[in-house]
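Those sequence lines, one after another, are chains A and B. Taking the UniProt record's numbering, I'd label the letters of the first sequence as residues 1 to 571. Taking the UniProt record's numbering, I'd label the letters of the second sequence as residues 1 to 571.
Simulated from the structure, these hints should not be mistaken for laboratory data. Treat the hints with care, as some may be off.
One copy or any two copies: either way a pair holds, since identical chains are not told apart in the list.
[Stated by the list, open to error] Capping the alpha-carbon separation at 30 angstroms, the derived lysine-lysine pairs in DSS-like fashion look like this:
(1) K182 <-> K126
(2) K126 <-> K338
(3) K482 <-> K126
(4) K222 <-> K126
(5) K549 <-> K304
(6) K549 <-> K222
(7) K388 <-> K304
(8) K126 <-> K478
(9) K182 <-> K549
(10) K304 <-> K126
(11) K126 <-> K237
(12) K304 <-> K396
(13) K304 <-> K182
There are 2 protein chains.
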Amino acid sequence: MESMLVIIRLALCLLALFQLSSGSGVNVWPKPRTFSWPNPQATLLSPAFTIAAPNHTFLSSAVERYLRLVHTEHHFPLVNPSVNLTPSNLPPLRTLSIVVSDLKAPLQHGVDESYSLSIPTSGPAKLTANTAWGAMRGLETFSQLVWGYPSVVAVGVYVWDAPLFGHRGIMLDTSRNYYPVKDILRTIGAMSANKLNVFHWHITDSHSFPLVVPSEPDLAAKGSYGPDMQYSPNDIKTIVQFGLEHGVRVLPEIDSPGHTGSWAEAYPEIVACANMFWWPAGSEWADRLASEPGTGHLNPLNPKTYQVLKNVIHDVAELFPEPFFHAGADEIIPGCWKADPAINFFLSNGGTLSQLLEIFVNSTLPYILSLNRTVVYWEDVLLDDNVKVPTTVLPKEHTILQTWNNGPSNTKRIVSSGYKTIVSSSDFYYLDCGHGDFLGNDSQYIAGAKSKDGGSWCGPFKTWQTIYNYDITYGLSKEEAKLVLGGEVALWSEQADRTVLDARIWPRASAMAETLWSGNRDEMGMRRYAGATDRLNEWRYRMVQRGVKAEPLQPLWCVRNPGMCNTVQGF
Amino acid sequence: MESMLVIIRLALCLLALFQLSSGSGVNVWPKPRTFSWPNPQATLLSPAFTIAAPNHTFLSSAVERYLRLVHTEHHFPLVNPSVNLTPSNLPPLRTLSIVVSDLKAPLQHGVDESYSLSIPTSGPAKLTANTAWGAMRGLETFSQLVWGYPSVVAVGVYVWDAPLFGHRGIMLDTSRNYYPVKDILRTIGAMSANKLNVFHWHITDSHSFPLVVPSEPDLAAKGSYGPDMQYSPNDIKTIVQFGLEHGVRVLPEIDSPGHTGSWAEAYPEIVACANMFWWPAGSEWADRLASEPGTGHLNPLNPKTYQVLKNVIHDVAELFPEPFFHAGADEIIPGCWKADPAINFFLSNGGTLSQLLEIFVNSTLPYILSLNRTVVYWEDVLLDDNVKVPTTVLPKEHTILQTWNNGPSNTKRIVSSGYKTIVSSSDFYYLDCGHGDFLGNDSQYIAGAKSKDGGSWCGPFKTWQTIYNYDITYGLSKEEAKLVLGGEVALWSEQADRTVLDARIWPRASAMAETLWSGNRDEMGMRRYAGATDRLNEWRYRMVQRGVKAEPLQPLWCVRNPGMCNTVQGF
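Here chain A stands alone, though its shape is the one from the complex:
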């Protein structure tokens, strides 16, 4: 008798899974690790519905936000949900109770983000989490289980959930083009809805220095695009606070010693090769002065360099509570340092470029660590062909290397050297690729459209499927895989600014969000991107309704007719 019951339960469970995977509009994105809804039913969200939660500065703000959302969102699934929109005669849901065991856990890498959510057919729903941040993830899940007008909520649901990777981020470059604060806030809000937790802010670069550094005000005053294109300490406070309210860390990057042309507006004496044409007439590619137009590297031999840089690092650490500090160190271009007379003197006396970088790292890394920060560098600092430092200079316990070249093979090189890594492979995770190049007179364009992959160095365009299917621990041993903290999609802003921000990021970042949260394979270990199409469609429309101008992935007809736009029928 009991075994019969087990079989019936299993059958019901499979039926529910089938219904959910074959076009239910009631989805949670990213898909939870376990989601059980054996008997799909819904009930009214009581107009008096409320959320009971412990007192916590940031969680309380999130509770207030989600309470407003579930009462007012009124999302209508594009695909008919497998349950009736009209609620059953079950009692309306009046309460969601939140229990958090450790209210003091700070938002930092590795914090416990797990939660469990149970919405019974009667009585209060319950959200249990070890930390406030896990509770925020559960609130998001709850909000996606509410739909319709009047609001109804899925009942008979049990969710246990936790991320596969602790670091799930978006990198945004605000130097090449500027983004207003409100656009950054909207992006962080959308990240939270996708359970992403790190906003990696590539604040400065050669093109502009938008960050107002209190002890070095001239850097922004002279190096930003203008007074209306700066981030003041108050702006930073707003953004960091908004991040905390959304469970999103704000990880600042001050890229140096390369990518620092804009520093020369305030301090020309500390920047080599500033404001020069990037690729001198008649010279070889190897002799260019910068990786792209916009020249300038900090001069590692000038003591003034460290005086200014340490002031910047100090103030950034004050402004950003985040325990990681990203120090850049990518793309040291030999020609730039060689163009500086003092540096050239050093080199012509037997010094090497790598020694210069070592001097630079040794003069800055200890200072960053002294501020109680873990330093993140781009992989170049260790893996560059020409200019790099030995591992002895980079303490493994305090250094993370972010990889962007050569896909899985560089990830392997980093972790097999014993370093932790964050994966931003340009072959998979660069959101700007394949969308043209920004060079002004590149004659390769004359040859026609097909000569370059969409006209960009990292083309073609990375589709959401490309992003979704990337396995960031591919080819690693179990031990090595533990050193992969997670991943970040990256938007470099040569050809992006506020006008296109949402569409460049969403919903492609959502694809990575699910892969890093619960994976890209189903219970049988099969890739699940086909089924993800329908779910991501639904989620994209919900994001648009929430004010995020995410791109459409298909004609609405496909969204409404799941499976009909596949290549092979039957999914």
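Dock chain B against the given chain A, drawing on the hints supplied.
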């Protein structure tokens, strides 16, 4: 003495040209055919500035619009203009007088759009045109010569201008995804600012039928995406009127007999293979039912087909005054017609697919002509490998073929057969390419990003340079070239809707706009895309300020430092 004066004038002129081409922020886009500003100066636009113009329903509306614009736009060039922003002590400009010789000329293909504009250093400015539509082009030019706060205007300017091609358009597909009326109006407004003159509206397709046809209301009632995603007769009136006020023709396309799946919601009996899976399991690519998901072809053997279709054509001709009617006729997929029993009977008795198309064309084309329309078809009707009609069926004087395959070689095939053509080569002018594909479970994506050109059939992404450099009469004789009416960039909407409309179209459509208006070569016959970069940057920012969310092409740093982001210095 006189020859000395000529030399001095020539030198001044070259100096002015140099100044203008090397980073002046005062530009007109598209570049006029002749633009003379030998002694760059500016003066205040008097607060009492007004425009004197003859009475003309549409021109008067344009005058009012431009008057408001020049008083309120206050564009600040990003690149310092070669003239001072502070005006000279010349008298403020108080009047622009417009003279039009033929106020009755209707807006249609081939209408004279030439104008001349003279803004002297004192006294009224004068805009002379043969038609109201030419005067509108001149007003746009005038508006781009005004900048700053308070508004100043370039003086000592003389412009003569006229387009190289009469047909300069944008095609928008509103069936795969819907666009609200206000987005269409904004697009038409931006077209006018770029001196584009044809909004080719691909209204219906297999995915939805958004057009409310008065005599066949069920088509939209049942075939649209919903009551909030339709275009009512009033909407059409608004759009056509808006087009006339902006000198933009609104050219409707009702695609048939292919691409008509949505018609089956109202009339299943007239549509073959409707609502079927597009690529039957196990069948060859050649045996698919549609060019892409969304099946359905009108049945050419059912008399009811023509009854419904003629009602649609009749009403569309009533709603749209435009003398061209686009009847589609692209992508007849053999498998669809073969899937219909009646058609299959015809085929199995010796009939051919091409005969079916001939029956269809012979049953509709004469009716379209009887409504005093020139018919436009996609090239397929004549050039398709499998299903096509002989030239005898398509009267050359009343038929235009729009080309989209095989670049210059299909253009050549069309015009050498004696047909007029509109060029929309998918290799150059398709704005949707290289941005992913919309199929739900295409396993080619697993292979990684590089396996397909940005994941789309017509990838890679068409950069603005690719578009700018395309010569639509390449390889044609002088006589053949005369049959090329012009070109259209096309936005197919599988992966576009209102959220991304502006960025997909602009500023890439601006690139075509200049090429078709005044060419892509300078006075010496050299390609001018390098210099165009700086001008297009400036124009992009001006469009953004006018409310069009055009993509950025470069970091702002490049825009402000013209030439510094080139591959080779010296432009």
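Hints versus structure:
1. K182 <-> K126: neither (33 angstroms within a copy, 45 angstroms between copies)
2. K126 <-> K338: Intra 63 angstroms, inter 58 angstroms, cutoff 30 angstroms: neither.
3. K482 <-> K126: This pair counts as neither: shortest intra-copy Cα distance 32 angstroms, inter-copy 74 angstroms.
4. K222 <-> K126: Close neither inside one copy (53 angstroms) nor across copies (44 angstroms); limit 30 angstroms.
5. K549 <-> K304: neither (45 angstroms within a copy, 43 angstroms between copies)
6. K549 <-> K222: Intra 33 angstroms, inter 28 angstroms, cutoff 30 angstroms: inter-copy only.
7. K388 <-> K304: within (23 angstroms within a copy, 75 angstroms between copies)
8. K126 <-> K478: neither (35 angstroms within a copy, 78 angstroms between copies)
9. K182 <-> K549: both (14 angstroms within a copy, 17 angstroms between copies)
10. K304 <-> K126: neither (57 angstroms within a copy, 60 angstroms between copies)
11. K126 <-> K237: Neither: 33 angstroms inside a chain and 55 angstroms across chains, both beyond 30 angstroms.
12. K304 <-> K396: within (29 angstroms within a copy, 77 angstroms between copies)
13. K304 <-> K182: neither (35 angstroms within a copy, 56 angstroms between copies)
This entry does not satisfy hints 1, 2, 3, 4, 5, 8, 10, 11, 13, going by the numbered hints stated previously.
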